[in-house]
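*Asks:* For the protein sequence lines, the chains are A and B, in the order given.
Just so you know, the working numbering puts 154 at position 154 of the first sequence, and the rest follows in order with no gaps.
Just so you know, the working numbering puts 169 at position 169 of the second sequence, and the rest follows in order with no gaps.
Just so you know, not all the hints are guaranteed correct.
No copy labels: a pair is met if it fits in one copy or bridges any two.
Taking lysine to any residue and the SDA-like style, the derived pairs with C-alpha atoms no more than 20 Å apart in a straight line are [said to hold, decoys possible]:
hint	residue 1	residue 2
1	Lys152	Thr83
2	Lys323	Gly122
3	Lys152	Glu87
4	Lys152	Arg96
5	Lys41	Lys323
6	Lys238	Gly14
7	Lys41	Val326
8	Lys84	Thr149
9	Lys331	Leu277
10	Lys84	Gly122
11	Lys91	Lys324
12	Lys323	Glu74
13	Lys299	Ile205
If you're looking for bench data, these hints aren't it; they were derived computationally from the structure.
Number of protein chains: 2
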Amino acid sequence: MSELEIQVPAMDGGSYKVRIGSGILGSVWGRIEADFGGYGKIVVSDENVVSAGHLAKLLGGREVDSFVISPAGETSKNIDTVTKIIEAMEKACLGRDSVVVGLGGGTVGDIAGFAASIFKRGVSVVHIPTTTVAQADSAVGGKTGVDSTVSKNAYGVFWHPSAVYIDVSTLGTLDERQYRAGLVESVKHALIADSGYFEFIENNIDAILERKLDVLEKMADYNCKIKGSVVEADPNEKNQRRMLNYGHTIGHAVESASGFELLHGEAVSIGIIGAGLIEAKMGLSEPKRSDRVRKIFEKLGVPVTIPSNLDEKKLMELIRHDKKAVNKWPKFVLLEKIGTVHCQEGQWGVDVGRELVEQVLAELR
Amino acid sequence: MSELEIQVPAMDGGSYKVRIGSGILGSVWGRIEADFGGYGKIVVSDENVVSAGHLAKLLGGREVDSFVISPAGETSKNIDTVTKIIEAMEKACLGRDSVVVGLGGGTVGDIAGFAASIFKRGVSVVHIPTTTVAQADSAVGGKTGVDSTVSKNAYGVFWHPSAVYIDVSTLGTLDERQYRAGLVESVKHALIADSGYFEFIENNIDAILERKLDVLEKMADYNCKIKGSVVEADPNEKNQRRMLNYGHTIGHAVESASGFELLHGEAVSIGIIGAGLIEAKMGLSEPKRSDRVRKIFEKLGVPVTIPSNLDEKKLMELIRHDKKAVNKWPKFVLLEKIGTVHCQEGQWGVDVGRELVEQVLAELR
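Take these sequences, add in the hints, and give me the full structure.
*Replies:* If you want it as structure tokens, here you go:
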């Protein structure tokens, strides 16, 4: 098991540990017990996590209060679910000294983290991510939230975990489409921060698709180091952290326009290809970079073009309403080269004209 | 208008200003406009605030999005009201650059602050308190929250305001019982932190009851300086901040046992008298201290004995369940002398035996 420390103020102090291994899930509860001895505890998971056997493996027969989100997925990511979790916490007589353990994918982590952040003005949360997207991205970074009827993450706070446990062997039960889509965030990390990691992915793409545990452990290590260092520099997304948004401006618009038929990672792969087209038009391209990216995405089987049923006007409208937009137009994160984001006057977001974006959307067909 | 600065990280930086005056409400919106030029804005108030004319005076005919809590008071302090405010914010197209202005008493401030803290991972809040309790206590300090069906402030976060405006002339419309009960928190501030302030209250008690504006301004200044310095030292209530709990351990139990028939301040006055009895039994009393406190409370017309219909067993049970209890028994904040809290080995909470507390509850009849 490897271990890295992320220097971000959590509930209980100025840093937290991310522990990465394969087959470690059965020993995690003992560690949580050691770290949070006198604390009340509740595990938040969902139906998928339970049927995959992860909850049983985590608890190993121990009697622990548990809340299972049902149905699993985005439709349960709302304030009603949070209210039910808070009620369960009160029923379990949890107080200010308590810890919420989120076991599952990104949705479970977002909900569990949000419930922890608002329960009696904040209690600890421990994340145990079980999907490619949660292990690569959402478990580290402290973003929590649930959706309103109008928008995603309308409710939420920044609330950093007290510990993160990543068992890459939990990925073994993930369905193929989810598994592959979640890998796009890993490719994004490599692109924005580490050319060596990008080469690692290129060289090991078959082993990754075969879910070889040693390769997945190495990836988790790369991902958490990259995400962790960006979050350390800018915990509440004032500047540097925006670089994590690479590929997400077009990506979010495509995801939303598809009515969430496309998975997040599938929309981001299209967004990354789009960012590459913008880079080329702005003289930021390197020889072969976009070919190398496309080759990986083709191997992963994630889309690189916008589905033909998505209306271009609607996409432009959604980009205008990007939540990071200022004066109704977002800045774009672009690459200088593989592993390095283009930085303009200390800002990681670049002005890109609307016409250029329209051209790129047309080319993405 | 006087101005003081409180060094606590708010949404937008490392301090915020409290501006105190009388008759300033009509000029506050201009200042908010100056501070939050490009921001979207929404005012949260309640029916009482509207009928007192405060909302109209604040806005001075400007068209501003507004949410009026109805009915006013604790029954609306729940997650449903928060959800409605968030929906109103989305309908008003507010984004991450927005500010919630809470205009009203403690309940309005708690709700408005909580809505701001969880909207899109946190937006700014400006408090304009209009009651004695909110001006003395809740507007400064960053506590936000709403109740569940089980407990008070089950939902909440620490979220410090970006600015506070106190117009003591808004107290002119407050009903007499609310007005007097809210003054108990001012007496508490004097007792825990400033013997000069205590003498000021003694010497000006008639003017205070007549709501003389110059005296109320001076009190607001004392209150915010005391509360501000405690909060600066311990923003998230890890240690020193607990001293603000003086009189609240018995007070909360009495308030809850009365089914909230007693106002918060009325319960705290009983709790402060109770703390004085504990101090006497533990050799911490000064000559005449408790007489001086009683005299003020009698002038204010707030209760100094537990209503006879409240069951002593229930009170002991409620004290055991105090949310600050550790191992089912809370520590008590006690005075060394007027203006100084007794500190035991660096802790502001003192162990007090159950039998002694039972005796004191009996003496409070």
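*Asks:* State for each hint whether it applies.
*Replies:* Structure-based check of each hint:
For the identical chains of this complex, lysine 152 and threonine 83 are neighbours both inside a copy (18 Å) and across copies (14 Å), given an alpha-carbon limit of 20 Å. Within a single copy, lysine 323 and glycine 122 get their C-alpha atoms only as close as 26 Å, which misses the 20 Å cut-off; across copies the closest is 13 Å, which meets it. Within a single copy, lysine 152 and glutamate 87 get their C-alpha atoms only as close as 23 Å, which misses the 20 Å cut-off; across copies the closest is 13 Å, which meets it. Taking the shortest alpha-carbon separations for lysine 152 and arginine 96, only the inter-copy value of 13 Å comes in at or below 20 Å, while the best intra-copy value is 28 Å.
In this assembly of identical chains, lysine 41 and lysine 323 lie within 20 Å of each other by CA distance solely across copies; the values are 17 Å between and 34 Å within a copy. Proximity of lysine 238 to glycine 14 under the C-alpha cut-off of 20 Å is found in both arrangements, the shortest distances being 19 Å within a copy and 14 Å between copies. In this homomeric assembly, lysine 41 and valine 326 come within 20 Å of each other (Cα to Cα) only across copies, at 16 Å, whereas the closest approach inside a single copy is 41 Å. Both within a single protomer and between protomers do lysine 84 and threonine 149 lie at most 20 Å apart by alpha-carbon distance, with minima of 18 Å and 12 Å respectively.
With identical chains, the CA atoms of lysine 331 and leucine 277 are at most 20 Å apart within one copy only, with a shortest distance of 15 Å there and 64 Å across copies. With identical chains, the CA atoms of lysine 84 and glycine 122 are at most 20 Å apart within one copy only, with a shortest distance of 17 Å there and 22 Å across copies. Taking the closest pair of Cα atoms, lysine 91 and lysine 324 come within 20 Å of each other only across two copies (18 Å); inside a single copy the shortest separation is 39 Å, beyond that limit. In this homomeric assembly, lysine 323 and glutamate 74 come within 20 Å of each other (Cα to Cα) only inside a single copy, at 19 Å, whereas the closest approach across copies is 34 Å.
For a Cα distance limit of 20 Å, the shortest separation of lysine 299 from isoleucine 205 inside one copy, 7 Å, qualifies, whereas the shortest one across copies, 80 Å, does not.
Checked against the numbered hints listed earlier, the structure breaks none of them; every hint is satisfied.
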